[in-house]
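Engineer: As a plain string of letters, each chain reads:
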Amino acid sequence: MANKVIVEININGDPVELLCEPRQSLLEVLRDVLELTGSKEGCLTGDCGACTVVIDGRPVCSCLMLGVEAAGKNVATVEGLASGMSLHVLQQKFLEHASLQCGICTPGVLMSAKALLDRNPNPTEAEIRYALAGNLCRCTGYDKIVRAVTDAAAALAGRTHPAHGTVPSETASGMAGEMLAKGEAK
Amino acid sequence: MAASSSNGFRVIGTRPIRHDGVDKVTGRAKYGADYAFPGMLHGKVLRSPHPHANIKSIKIDKALALPGVKAIVTSADLPALPDKMEAAGEQAINLNHLSMNILARGKALYDGHPIAAVAATSPHIADEALRLIEVEYELLPPVMTVEDAMKPGATILLPSLRNKEDGPDKETNVAAHLQFKRGDVAEGFKQADYVIEREFKTAMVHQGYIEPHNAVGIYNADGHATIYCSTQGSFVVRALSAAVLGIAEGKIKVVPAEIGGGFGGKTTIYLEPLSVLLSQKTGHPVKLTMTRAEVLRATGPTSGSTIRCKMGATKDGKLVAAQCWLAYEAGAFPGSPVGAGAMTIVAPYNIPNILVDAYDVVVNRPKTAAYRAPGASNAAMASETVLDELAEKCGIDPLEMRLMNGSEEGTPQTVGPPFKRIGFKETVEAIKNSPHYKSKLTGANRGRGVASGFWFNVGLQSSATVNIHTDGTVSVVIGSVDIGGTRAAQAMIAAEVLGVDINDVRPTIADTDSIGHTDVTGGSRTCFATGWAVYEAAQDCVRQLKERAAKLWEKKPDEVVFENGMLSPAQPGGELKPMSIKQIASRLARTGGPIVGRATVNARGVGPAFATVCVDVEVDPDTGKTQILRATIAQDAGKAIHPSYVEGQMQGGMAQGLGWGLNEEYFYDDRGILRNTGLLDYRMPTCLDLPAIETAIVEVPTPGHPLGIRGVGEVSIVPPPAALANAIYHAVGVRMTELPMSPPRLLKAILKKRAAGEAQAAAAD
Ligand code: FES
Ligand code: FES
Numbered sequence: 001m002a003n004k005v006i007v008e009i010n011i012n013g014d015p016v017e018l019l020c021e022p023r024q025s026l027l028e029v030l031r032d033v034l035e036l037t038g039s040k041e042g043c044l045t046g047d048c049g050a051c052t053v054v055i056d057g058r059p060v061c062s063c064l065m066l067g068v069e070a071a072g073k074n075v076a077t078v079e080g081l082a083s084g085m086s087l088h089v090l091q092q093k094f095l096e097h098a099s100l101q102c103g104i105c106t107p108g109v110l111m112s113a114k115a116l117l118d119r120n121p122n123p124t125e126a127e128i129r130y131a132l133a134g135n136l137c138r139c140t141g142y143d144k145i146v147r148a149v150t151d152a153a154a155a156l157a158g159r160t161h162p163a164h165g166t167v168p169s170e171t172a173s174g175m176a177g178e179m180l181a182k183g184e185a186k
Numbered sequence: 001m002a003a004s005s006s007n008g009f010r011v012i013g014t015r016p017i018r019h020d021g022v023d024k025v026t027g028r029a030k031y032g033a034d035y036a037f038p039g040m041l042h043g044k045v046l047r048s049p050h051p052h053a054n055i056k057s058i059k060i061d062k063a064l065a066l067p068g069v070k071a072i073v074t075s076a077d078l079p080a081l082p083d084k085m086e087a088a089g090e091q092a093i094n095l096n097h098l099s100m101n102i103l104a105r106g107k108a109l110y111d112g113h114p115i116a117a118v119a120a121t122s123p124h125i126a127d128e129a130l131r132l133i134e135v136e137y138e139l140l141p142p143v144m145t146v147e148d149a150m151k152p153g154a155t156i157l158l159p160s161l162r163n164k165e166d167g168p169d170k171e172t173n174v175a176a177h178l179q180f181k182r183g184d185v186a187e188g189f190k191q192a193d194y195v196i197e198r199e200f201k202t203a204m205v206h207q208g209y210i211e212p213h214n215a216v217g218i219y220n221a222d223g224h225a226t227i228y229c230s231t232q233g234s235f236v237v238r239a240l241s242a243a244v245l246g247i248a249e250g251k252i253k254v255v256p257a258e259i260g261g262g263f264g265g266k267t268t269i270y271l272e273p274l275s276v277l278l279s280q281k282t283g284h285p286v287k288l289t290m291t292r293a294e295v296l297r298a299t300g301p302t303s304g305s306t307i308r309c310k311m312g313a314t315k316d317g318k319l320v321a322a323q324c325w326l327a328y329e330a331g332a333f334p335g336s337p338v339g340a341g342a343m344t345i346v347a348p349y350n351i352p353n354i355l356v357d358a359y360d361v362v363v364n365r366p367k368t369a370a371y372r373a374p375g376a377s378n379a380a381m382a383s384e385t386v387l388d389e390l391a392e393k394c395g396i397d398p399l400e401m402r403l404m405n406g407s408e409e410g411t412p413q414t415v416g417p418p419f420k421r422i423g424f425k426e427t428v429e430a431i432k433n434s435p436h437y438k439s440k441l442t443g444a445n446r447g448r449g450v451a452s453g454f455w456f457n458v459g460l461q462s463s464a465t466v467n468i469h470t471d472g473t474v475s476v477v478i479g480s481v482d483i484g485g486t487r488a489a490q491a492m493i494a495a496e497v498l499g500v501d502i503n504d505v506r507p508t509i510a511d512t513d514s515i516g517h518t519d520v521t522g523g524s525r526t527c528f529a530t531g532w533a534v535y536e537a538a539q540d541c542v543r544q545l546k547e548r549a550a551k552l553w554e555k556k557p558d559e560v561v562f563e564n565g566m567l568s569p570a571q572p573g574g575e576l577k578p579m580s581i582k583q584i585a586s587r588l589a590r591t592g593g594p595i596v597g598r599a600t601v602n603a604r605g606v607g608p609a610f611a612t613v614c615v616d617v618e619v620d621p622d623t624g625k626t627q628i629l630r631a632t633i634a635q636d637a638g639k640a641i642h643p644s645y646v647e648g649q650m651q652g653g654m655a656q657g658l659g660w661g662l663n664e665e666y667f668y669d670d671r672g673i674l675r676n677t678g679l680l681d682y683r684m685p686t687c688l689d690l691p692a693i694e695t696a697i698v699e700v701p702t703p704g705h706p707l708g709i710r711g712v713g714e715v716s717i718v719p720p721p722a723a724l725a726n727a728i729y730h731a732v733g734v735r736m737t738e739l740p741m742s743p744p745r746l747l748k749a750i751l752k753k754r755a756a757g758e759a760q761a762a763a764a765d
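Each protein sequence line maps, in turn, to chains Y and G.
Counting from 1, position 133 in the first sequence corresponds to residue 133 in our numbering; the numbering is continuous, with no gaps.
Counting from 1, position 334 in the second sequence corresponds to residue 334 in our numbering; the numbering is continuous, with no gaps.
Keep in mind the hints are simulated off the structure, nothing from the lab.
Any given hint could be a false lead.
As the list claims (entries may be wrong) - For the chain Y half of the interface with chain G, some residues (derived, Cβ under 7 Å), not all of them: (1) ALA98; (2) THR124; (3) GLY141; (4) TYR142.
What the hints assert, rightly or not - The list that follows gives simulated cross-link-like pairs (lysine-lysine, DSBU-like), each with its CA atoms no further than 30 Å apart: (5) G:LYS62 - Y:LYS4; (6) G:LYS281 - G:LYS62; (7) Y:LYS4 - G:LYS30; (8) G:LYS190 - G:LYS170; (9) Y:LYS73 - G:LYS30; (10) G:LYS107 - G:LYS30; (11) G:LYS625 - G:LYS438; (12) G:LYS84 - G:LYS281; (13) G:LYS253 - G:LYS281; (14) G:LYS201 - G:LYS164; (15) G:LYS318 - G:LYS190; (16) Y:LYS4 - G:LYS281.
For every residue, glycine included, the Cβ atom is placed at its ideal position computed from N, Cα and C.
Could you put the whole structure together from the sequences, leaning on the hints where they help?
Structural biologist: What follows is the structure, encoded as structure tokens:
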């Protein structure tokens, strides 16, 4: 039996002290120790991106990192993306553009997209596709995901979005959240 | 929401935000693997490392002695079941084969075949225990291809397997031979000016859902069990698990979790009975989840196939005859979708003379499961590329060729009655008129290809209840799991009928104890059949609402009209004021109590689905890599309830078809071991591999359906591989007959063509 160790991680803005086995991945620690099951497991080999979290500003496959390695780091998960009752603009745009079907890839895609927009607020379509290439989605063919991220970037910059024309304006207004995720300590 | 569409509907055709959306973008939605219960144990499955072997012995003592290990089960813990087709719930199935796929009995039949399952206090301990189980195998030669399996004297997988043709005494790997016939093909080919005949091979591919299979089983001391799992069909899980475990169906409750993709692959059982069995042995809840390698090795991919396709046309482009031969890998147990392949292969066309032979063949690969329009993409790869060659020979535009020969209302189907009103030609027209097809494609090594596809869709059974609450809001309860927008579409149908705001309708997916029987979310049936049930259940509410208003107004129900959510007296005037649902809802207690609308359907009159696609590619002639430049799909949806999710089905299926065409394949080595068990090597399209997928929704209503809905979930995957093959031909001049058209395969074909060209040039010198 592996001896458990105490690890301190800053998760979504809050310091968390937890007990885990050295062999447990960060994904396992999030899901099984902390019950933060928003991060998903699709492969455990770094190939699908469903487990993506943002660590100190960079998207990371949490299945490829041990929980103990996250000690002292700032980890942002999908659970921290909205602030209070305000969805993050990416979450809102994903809903408006119907960018999820089954939704299993969505938490990881959102976190990769957030990391992208935080470092590049005005990405081209090619840059979006490049940034999301580590996140497999088997349902959507990616088109509506790319549109949502494009639109979210435009909304963040205060631009009106290019004419996607698919969303009744009343549902599109009113809910767009703040861009700040609590866990992003820079 | 004020949105309204211009199609005569108020809600249908708009794009509201799905009701389960916030849960799914915030990480709150609970998928099967997210469930945890106090005292829960973790299960793991020991799998055969050999594709074909007799199991001589299984020793579990050492593993059981490992601290933390609570139970180990093998097929000895499951009842032996009859080796014949039997009814299990709603389907006929060979229960012995089903059981042997859950835990191997006597023989391991594929790399990854489950041998034993362990429950322990942690998944890591369960993993350690697997390594301590000792299994003695006697290796047998693996049979990996349909050609090898069909050879006289081939090694036999299932000693009891027989087929009608060869009789009761002959051991065989051919589970079935089907034949479909119309006219006289020999005569037909005589009329042809051009005949093309090609042989195709397509690789076994996987659905590739991102969420691995999972199940939590809880067996109670009172003999009742509950299963939490991600499935496309909770009632299927209940029926099949009950059969495998020898438990009465009514003693199992299945609670469907959110599901992370299925595409047909989650319409059967793998871990579910094991979770119950291990729970029964230990008295604890037991959770099992698969790794990605387990998903690829041991859940149902779809068949690889060998197909010969011969078609003939007159020089003015009229198709006169088609003869096809299809053999599909069933995997370790019978049941490939070859029948569907045979019935779809030339279905889009009106051809007077047809002969199709189809063979279902067992091989040492995992038992195949449904995958989006099962069997049809393989078949279309053959027929749609042969058709492209014929069009070229005739000097006719490939879309014109399809319009000239296309099936329409009254055209006989390959089997069964003639088509009712269908939208095939409309999809071809939609591509013809698309900005994509009208654009010019220029540049070296670039080509454009088109192809079409057909899929049946199914109806089957669904149940729905619609409740009117005291505040006038509405809840819709269904048994169809939501795999990509079902809740939204069902709520929209109820909102349309009841004339209420879409946000006043809450859809719920119930467990198997809380709703009537409902078949799988699959076969493109959910919007069609469950939508029909919801429509009727909402109409049932309308009927009751009218009765209540009549009571309040002291009139007869037929003296009340219901329109746009308002009840009013049929004769206007007088002091009776129209009443909204909200107004009457608060007075239900005084008019006879709550209103619950109910309906069940066994849906008939399914409308078949057609799609036509266009792709532009650029091929790198030095590497064989194909880049997709542009892609468009036109599909008949009958009536699009939520157009965004219809587009999503079209785009998603197209993306899978493009992956099937270019990259995806099961790679077995010569010992029959699967070598690409991860998503790096089982290469599905990423965001970077695909262009934006343009869509054109065609709406030719299904006759007989109250809303004209046609299933939209599957046909989008049928044409893409063939369209890619046609585009590659027009780019670099090679006709590809093997899937996937991966860089090594395509490069080989390009080099062969180049060598042939050089040889010809040398001979001419
Ligand atoms: S689960 Fe981490 S990348 Fe797939
Ligand atoms: S929405 Fe299902 S995998 Fe992306």
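Engineer: Tell me the numbers of any earlier hints that the structure contravenes, in ascending order.
Structural biologist: The structure conflicts with hints 2, 8, 10, although it agrees with all the remaining ones.
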